[in-house]
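S.K.: What follows is the residue order along each chain.
Protein chains: 2
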Amino acid sequence: MSMLKGVVHNLANQSKRATPNRSRSAGTKLLLSSEERAEALFLPKVRAFCNSTDIAKNEAEVIKHENTFREAGKTKTVFDFKSYMHQKIKSVNRALDAAVPLREPLKFHEAMRYSLLSEGKRVCPVLCIAACELVGGQESTAMPAACGMEMVHAMCMMHDDLPCMDNDTLRRGKLSNHKVFGENVTVLAGYSLVALAFEHMATATQGVHPKTMVRAIGELARLIGPEGAAAGQVLDLLSGGKSDTGLEELEYIHRHKTADFAEAAAIIGAMVGGATNEEINRLRKFSQCIGLLFQVVDDILDVTKSSEQLGKTAGKDLLANKLTYPKMIGIEKSKEYAQNLSKEAKEQLVGFDPEKAAPLLAMADFVLHRQK
Amino acid sequence: MSMLKGVVHNLANQSKRATPNRSRSAGTKLLLSSEERAEALFLPKVRAFCNSTDIAKNEAEVIKHENTFREAGKTKTVFDFKSYMHQKIKSVNRALDAAVPLREPLKFHEAMRYSLLSEGKRVCPVLCIAACELVGGQESTAMPAACGMEMVHAMCMMHDDLPCMDNDTLRRGKLSNHKVFGENVTVLAGYSLVALAFEHMATATQGVHPKTMVRAIGELARLIGPEGAAAGQVLDLLSGGKSDTGLEELEYIHRHKTADFAEAAAIIGAMVGGATNEEINRLRKFSQCIGLLFQVVDDILDVTKSSEQLGKTAGKDLLANKLTYPKMIGIEKSKEYAQNLSKEAKEQLVGFDPEKAAPLLAMADFVLHRQK
Chain Z
1 MSMLKGVVHN LANQSKRATP NRSRSAGTKL LLSSEERAEA LFLPKVRAFC
51 NSTDIAKNEA EVIKHENTFR EAGKTKTVFD FKSYMHQKIK SVNRALDAAV
101 PLREPLKFHE AMRYSLLSEG KRVCPVLCIA ACELVGGQES TAMPAACGME
151 MVHAMCMMHD DLPCMDNDTL RRGKLSNHKV FGENVTVLAG YSLVALAFEH
201 MATATQGVHP KTMVRAIGEL ARLIGPEGAA AGQVLDLLSG GKSDTGLEEL
251 EYIHRHKTAD FAEAAAIIGA MVGGATNEEI NRLRKFSQCI GLLFQVVDDI
301 LDVTKSSEQL GKTAGKDLLA NKLTYPKMIG IEKSKEYAQN LSKEAKEQLV
351 GFDPEKAAPL LAMADFVLHR QK
Chain C
1 MSMLKGVVHN LANQSKRATP NRSRSAGTKL LLSSEERAEA LFLPKVRAFC
51 NSTDIAKNEA EVIKHENTFR EAGKTKTVFD FKSYMHQKIK SVNRALDAAV
101 PLREPLKFHE AMRYSLLSEG KRVCPVLCIA ACELVGGQES TAMPAACGME
151 MVHAMCMMHD DLPCMDNDTL RRGKLSNHKV FGENVTVLAG YSLVALAFEH
201 MATATQGVHP KTMVRAIGEL ARLIGPEGAA AGQVLDLLSG GKSDTGLEEL
251 EYIHRHKTAD FAEAAAIIGA MVGGATNEEI NRLRKFSQCI GLLFQVVDDI
301 LDVTKSSEQL GKTAGKDLLA NKLTYPKMIG IEKSKEYAQN LSKEAKEQLV
351 GFDPEKAAPL LAMADFVLHR QK
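Order-wise, the sequence lines are chains Z and C.
Here the first sequence stands for residues 1 to 372, numbered as in this note's numbering.
Here the second sequence stands for residues 1 to 372, numbered as in this note's numbering.
Because the hints were derived from the structure by calculation, they are not lab data.
There could be a bad hint or two in this list.
Said to hold, decoys possible - Calculated cross-link-like contacts (lysine-lysine; reagent style DSS-like; alpha-carbon spacing at most 27 Å):
| hint | chain 1 | residue 1 | chain 2 | residue 2 |
| --- | --- | --- | --- | --- |
| 1 | C | Lys107 | Z | Lys327 |
| 2 | Z | Lys211 | C | Lys211 |
| 3 | Z | Lys179 | C | Lys372 |
| 4 | Z | Lys356 | Z | Lys211 |
| 5 | Z | Lys322 | C | Lys179 |
| 6 | Z | Lys322 | Z | Lys372 |
| 7 | Z | Lys372 | Z | Lys327 |
| 8 | C | Lys322 | Z | Lys107 |
| 9 | C | Lys343 | C | Lys82 |
| 10 | C | Lys90 | C | Lys372 |
| 11 | C | Lys335 | C | Lys82 |
| 12 | Z | Lys179 | C | Lys82 |
| 13 | Z | Lys107 | C | Lys327 |
| 14 | C | Lys107 | Z | Lys322 |
Chain Z extracted, bound-state conformation:
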């Protein structure tokens, strides 16, 4: 019971922490009252969907879902998230393909491309682009940073699967990188993708002030490094099998391991798109919620789906005796927490141009309802 109390307490604090800053400071778009927010953003159909507790809803249905909203001067705008994702993933894949051409040494570049170009959700690159577009920037401006995010993400997966880490033979329905290219090439190719991420971001981004670029590069490095995602990964690794770990540690792991990564994608996209500091802070909170949500759902899927359904080894957290939300608070409370995180994420977008916010609103649903 005390564990459940802890969750409730945690959720309450979580909600308090993330209450959006609604001060009417000059030069921002975040000027709506809470009453206006609810009224302006969602028509009943969408609101009902957002309040749904059916986390097992079919993914195909979810991504077909059309967020409908109204705005001053427009009576209705329809947003098709499936088409949006399809188009963005296509652009990202094309850019990734061009960023890592196949050259000598062939095996090395093949190893990088194998993981980088394998079929994936591309949540982080799309988050990066959507954040850029949210504040009025162009897709092309955010694309090098978006590719950089996917490069670092690919490295994480390659290293995570190594025998000395999770020892996984399957990833996205294919053999893990080291099973194809050997552990030594995987270690080097992984590290190379990190270097390439910084190179690509620093040299291929066009039309952004160098001061902004230095800030964005510093943020990326901080959020994926020893105070960010890597700290979460390490604690996740070191806590495996320990029985004396609690919710606080679990929260720390997921906030760093996944949410910091999402934060990097969102705020870097926003920065190169020309965001104000207040807009950047909103996106920090949004992406922290989305990242944590992604991990909570991941934990749930690990115990509710088969390897075939996931395209990777199911039940591996359980086998590795890893800390997970279902293990700590049970499936139902985990689902409830996921719902709250999705709701909280959406609250951060209140006051932005609703048309430009539509992809991120839909993304919060997508992450909540994904089935693999």
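On the provided structure of chain Z, position chain C as indicated by the hints.
M.R.: Chain C in isolation, oriented as in the chain Z frame:
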């Protein structure tokens, strides 16, 4: 015999390629004729030392060596390389200690600090600082980049020693990182040091134009990444045991694996110090020679010294059936090549303020004559 011919041909080309650009372009300090160069830089004592073929000269003696030169307005200046290195290494170690404080998760930060702060030559950080000072910059300006170089270097050593790579248990006279902290922590700590290198460089460098910082970050990433040092590491790994590899491949490996790394240190230091493009190009050539020289000497030491003398496992290249200069062209020709590289490196410094060039001139000797 054809192999030796190849070496001679290679050396001749090498010398030709690196002939300094002596065009009297405006705004540079590189304005001396070849006659003036020789006269301006070296007194007979130093010239004799530079021409020495005694690579086995005692290291302590070498670093005590005083480069003596004369310059317009000054009759004589004495440079003590040993004191210079001692002071710079002390500064670098202090900065590294501050850049990676011991914090939670403790084991993770201990792993990073274990390799990063272990006794080392600090050649790359000092090269970075010396290049900055050569063009009129301050040590403090180059320090974050210098620390970044050592962080990436530490990662390379940590990953190189892994069982799936060189499988080495000894490094700098201590147990390898994974032998103390476990392979999984070593992989993550290594990657984290790379992220930290970029973060530290981007956030801690003071007084440098952001445009220069973006360029320097891009160069660092390129030179340590899949077109730079990592490509050399991979080819080194993949060529082990093959009998059909030649000098060209060996040169490629060392130029990328080590020389690209040295190049990054030198040109980034020069950039943040305010160098012109011509000065940067000189430092590219200088550091390529120094880097290659370091590797040639490394190959020689591997077969001529004991593990105790080196502080790491001796003869490991031979055991791993790796390509090395002694294996390809013999010890004597390798020593001759090392001499030529040192000479060629020094030629790149002709025309710079001799007092400011003194540390780099001495470094060329130090790398040539090091005993471990």
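S.K.: State for each hint whether it applies.
M.R.: Checked hints:
no.	hint	verdict
1	C:Lys107 / Z:Lys327	holds (25 Å)
2	Z:Lys211 / C:Lys211	holds (7 Å)
3	Z:Lys179 / C:Lys372	violated (37 Å)
4	Z:Lys356 / Z:Lys211	holds (26 Å)
5	Z:Lys322 / C:Lys179	holds (24 Å)
6	Z:Lys322 / Z:Lys372	holds (19 Å)
7	Z:Lys372 / Z:Lys327	holds (19 Å)
8	C:Lys322 / Z:Lys107	holds (19 Å)
9	C:Lys343 / C:Lys82	holds (20 Å)
10	C:Lys90 / C:Lys372	holds (20 Å)
11	C:Lys335 / C:Lys82	holds (24 Å)
12	Z:Lys179 / C:Lys82	violated (49 Å)
13	Z:Lys107 / C:Lys327	holds (26 Å)
14	C:Lys107 / Z:Lys322	holds (19 Å)
Comparing the model with each earlier hint shows violations of hints 3, 12; every other hint is respected.
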